[in-house]
Amino acid sequence: MPKVKTKSGAKKRFTLTGTGKIKRKHAFKSHILTKKTTKQKRNLTQTGLVSSADTDRVKLMLNI
Numbered sequence: 001m002p003k004v005k006t007k008s009g010a011k012k013r014f015t016l017t018g019t020g021k022i023k024r025k026h027a028f029k030s031h032i033l034t035k036k037t038t039k040q041k042r043n044l045t046q047t048g049l050v051s052s053a054d055t056d057r058v059k060l061m062l063n064i
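Counted the way this note's numbering counts, the sequence shown spans residues 1 to 64.
Calculated from the structure, these hints are not laboratory results. None of the values given here were measured: they were computed from a predicted structure. Treat the hints with caution; some may be incorrect.
What the hints assert, rightly or not - The calculated DSSO-like cross-link candidates involving lysine-lysine, where the alpha carbons are at most 30 Å apart (straight line), are:
id, residue 1, residue 2
1, LYS29, LYS7
2, LYS23, LYS35
3, LYS5, LYS23
4, LYS25, LYS11
5, LYS36, LYS25
6, LYS41, LYS59
7, LYS11, LYS21
8, LYS21, LYS3
9, LYS41, LYS3
10, LYS25, LYS39
11, LYS41, LYS21
12, LYS7, LYS39
13, LYS12, LYS36
14, LYS41, LYS11
15, LYS3, LYS23
16, LYS59, LYS35
17, LYS5, LYS39
18, LYS3, LYS35
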């Protein structure tokens, strides 16, 4: 049987924490930043966790 490959897009976007949760970055931080407030850009810098509704889908993509 061949090995099951992970989705390369998901591999670049998600990381696992020590407790098994999945970390992600916020969207809307790449361009058109002049119209966004400093507070908005600062809060988008911080990482978040994948919601419980999406964890099963992301784990399938990462083959966890």
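Going through the hints against the structure:
For the hint pairing LYS29 with LYS7, the CA-to-CA distance comes to about 23 Å; that is within 30 Å, so the pair holds. With a C-alpha separation of about 27 Å, the suggested pairing of LYS23 with LYS35 holds against the 30 Å cut-off. Among the hinted pairs, LYS5 with LYS23 is consistent with the structure: their alpha-carbon atoms are about 20 Å apart, no more than 30 Å. Pair hint LYS25 plus LYS11 holds up; C-alpha atoms about 13 Å apart against a cutoff of 30 Å.
Restraint check: the Cα-Cα separation between LYS36 and LYS25 comes to about 17 Å, which is no more than 30 Å; the hinted pair holds. For the hint pairing LYS41 with LYS59, the CA-to-CA distance comes to about 28 Å; that is within 30 Å, so the pair holds. Our distance criterion of 30 Å between C-alpha atoms is met by LYS11 and LYS21, whose separation comes to about 15 Å. With a C-alpha separation of about 24 Å, the suggested pair LYS21 and LYS3 falls inside the 30 Å cut-off, and the hint holds.
Straight-line distance between C-alpha atoms of LYS41 and LYS3 comes to about 40 Å, which puts the hinted pair past the 30 Å bound. Between LYS25 and LYS39 the alpha-carbon distance is near 16 Å, which keeps this suggested pair within the 30 Å criterion. For the hint pairing LYS41 with LYS21, the CA-to-CA distance comes to about 24 Å; that is within 30 Å, so the pair holds. In summary, the hint linking LYS7 to LYS39 is not supported, as the alpha carbons are separated by about 33 Å, beyond the 30 Å threshold.
Only pairs whose Cα atoms come within 30 Å are accepted, and LYS12 paired with LYS36 is accepted, the gap being roughly 26 Å. With a C-alpha separation of about 25 Å, the suggested pair LYS41 and LYS11 falls inside the 30 Å cut-off, and the hint holds. Distance restraint check for LYS3 and LYS23: the Cα-Cα separation of roughly 25 Å lies within the 30 Å cut-off, and the hinted pair is therefore satisfied. Between LYS59 and LYS35, the direct Cα distance comes to roughly 35 Å. Violation of the 30 Å bound is thereby established for this hinted pair.
Distance check on the hinted pair: LYS5 and LYS39 sit about 39 Å apart at the alpha-carbon level, beyond 30 Å; violated. With a C-alpha separation of about 46 Å, the suggested pair LYS3 and LYS35 falls outside the 30 Å cut-off, and the hint is violated.
In summary, the numbered hints that this structure violates are 9, 12, 16, 17, 18.
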